[in-house]
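Student: Fit chain B to the supplied structure of chain A, relying on the hints for placement.
If you're matching them up, the sequences are chains A and B in order.
Residue numbering for the first sequence is 1 to 204, as defined by our numbering.
Residue numbering for the second sequence is 1 to 367, as defined by our numbering.
Mimicking DSSO-like on lysine-lysine, the simulated pairs with C-alpha atoms at most 27 Å apart in a straight line are:
1. K152(B) with K113(A)
2. K113(A) with K132(A)
3. K22(A) with K103(B)
Over the 12 Å line for every Cβ pair with chain A, so calculated as not near, a few chain B residues:
4. R4
5. G123
6. T238
7. T301
8. S324
9. T345
To be clear, the hints were calculated from the coordinates, so they are not data collected in a lab.
For glycine and all other residues, C-beta sits at the position ideal for the given N, C-alpha and C.
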Amino acid sequence: MLPDRVRTLIQLLSRLPGVGEKTAQRYVLFMLTTDSDYGAQMGQELIALRENIGHCSLCGNLAERGGSDEPICSICTDHKRDPHLLCVVARVQDLMAIERTGAMRGRYFVLGKLLSPLEGVHPEELPIERLKDRIASQNITEIILATPPSVDGEATALYLRRELAPMGITMSRIASGVPHGGELEYADPITMGRALAGRQRLSR
Amino acid sequence: MVRRLSVEQLSVTNIRNLRSVTLNTSADVVVFAGRNGSGKTSLLEALYLLCTSKSFRAPRPAESITHGQTEAVVRGRLLDGTVGREQRVLLRDGVRSARFDDKRPPSLAAYAQASPVVIFHPGDLPLTMGPAQGRRQFLDRVAFYTTPNGTKALDDYTRAHRARQKLLETRGVDAPDIDPWEALVARHGLELMQTRQHAAAALIDATEHAFTQFAAPQLVLRGRYVPTAPDDEDSYLTMLQNSRVGDSHRGSACIGPHRDDLELTLDGQPLRQVGSQGQHRAAVLALKNGEITAIERARGTKPILLLDDVSSELDAERLRAFFSFVQREQVQVFLTTTRPEWIETGAFGEASSRHNFEVDHGVITRI
Chain A
1 MLPDRVRTLI QLLSRLPGVG EKTAQRYVLF MLTTDSDYGA QMGQELIALR
51 ENIGHCSLCG NLAERGGSDE PICSICTDHK RDPHLLCVVA RVQDLMAIER
101 TGAMRGRYFV LGKLLSPLEG VHPEELPIER LKDRIASQNI TEIILATPPS
151 VDGEATALYL RRELAPMGIT MSRIASGVPH GGELEYADPI TMGRALAGRQ
201 RLSR
Chain B
1 MVRRLSVEQL SVTNIRNLRS VTLNTSADVV VFAGRNGSGK TSLLEALYLL
51 CTSKSFRAPR PAESITHGQT EAVVRGRLLD GTVGREQRVL LRDGVRSARF
101 DDKRPPSLAA YAQASPVVIF HPGDLPLTMG PAQGRRQFLD RVAFYTTPNG
151 TKALDDYTRA HRARQKLLET RGVDAPDIDP WEALVARHGL ELMQTRQHAA
201 AALIDATEHA FTQFAAPQLV LRGRYVPTAP DDEDSYLTML QNSRVGDSHR
251 GSACIGPHRD DLELTLDGQP LRQVGSQGQH RAAVLALKNG EITAIERARG
301 TKPILLLDDV SSELDAERLR AFFSFVQREQ VQVFLTTTRP EWIETGAFGE
351 ASSRHNFEVD HGVITRI
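Bound-form chain A, shown alone (with noise of 0.2 Å):
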């Protein structure tokens, strides 16, 4: 009934995370129905979106190419940052997340992947020596291990302690506890026991 290239189109769409047939098609009706710019406009930056984005050959971040440089991002780049503090997280979505806090003041390493021998992932597929190179050539003195507190997460975060230890740096791993604004009785117990056995003196 559809034609040809508006079903293509559909079934490429609902590939997308979070969109399924029916929005897909929302979606074509939409690009059909409105300004011919608009669908014109998106086309040419998906496109560019491939041949123009990379990943920052420091740390993993998103990083516009240009030309036959390594693409380097915006945050390694950046000569406000802390220098000699590097933040370590398993996915880009987990750097822009403490990116938007404004908390952090020094630079990130994503590592791509967390330790998983039940998915086969092992150490030799994390980019331990990119990591090692970037703390010994930026004169890294600092380290916080921001992988997530799940059982991978924490399994990661215990083998680079151990792995970084003869760098002789500093190394912490983020907090885990109740939220700010909120109410200490909605919170969930797992949280509130963490936030209960990481708590901080105040007074000795």
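Tutor: Showing chain B alone in chain A's frame:
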């Protein structure tokens, strides 16, 4: 003040041979009588789904849906103390979704914890006789209700233990990341041991007491949680490190919660070895009593009790003893039986607070 949980009304669509059923269930005891295969157990399955969003018969949601249909719905009006609420569980495309008063619960585990249910069916009889796995699962079921974190400790331990095992089997005992995984096995193993210890403490007193009512009163049943790993992290870790070679061949770690047991003794002797058929049955009933009491104390709510075909497994006297306990506890009971003639004998409690239904080929009639 302990609240009583009850299902006042139940409606079921497309659960096995129940195409469309609505029942008034506001009674202390609800009896479903009928022949084998008539749909009695499917009604208990629907009630269990309503309370937990899971089935006790089928591991996958699709298996509970009527053949040829794509979705099933169970709705119910529950009374939690004096407060009523609507609950609904929908099964579709292999996915479960649950609602309280049309609102999404924080998680399916939170949904299940809010309406505790205890089930006793013929498959429970090997609980005291069979391998330790059944007793561990039983303990974890109690722990699901008695610890706020539900199955978190069990899930984390299982993942860490499986990861260490996979590593030993595929990468050998010197895998570079074996240490972190072992540290997590010990950390989560200790969490799970604490959780189970807590559940066992809540369970055992009531079980021991109840046993005297179902078996000869001079017999003493004792229960004890028996962990296999040491309770300090350093010794636990050392033992794991020393057993890597053996563990890689064995398929699991030589110590840890996956080997724990709930040990039962009768007058000091292992129940598994010395117990008669009747004593085992009495012990299983006593454990179910313990489960009801433990849940009641931990959650402040008396659970709903589902009894599947107990009249085929228990003699009249034991059934009467069990029922008198249940009625003292004032829990709401749903039971199935192939022996409608037992209803009149009072084996299932007094007529005044009982609703009886006949089930035939998925059609239900009040009798």
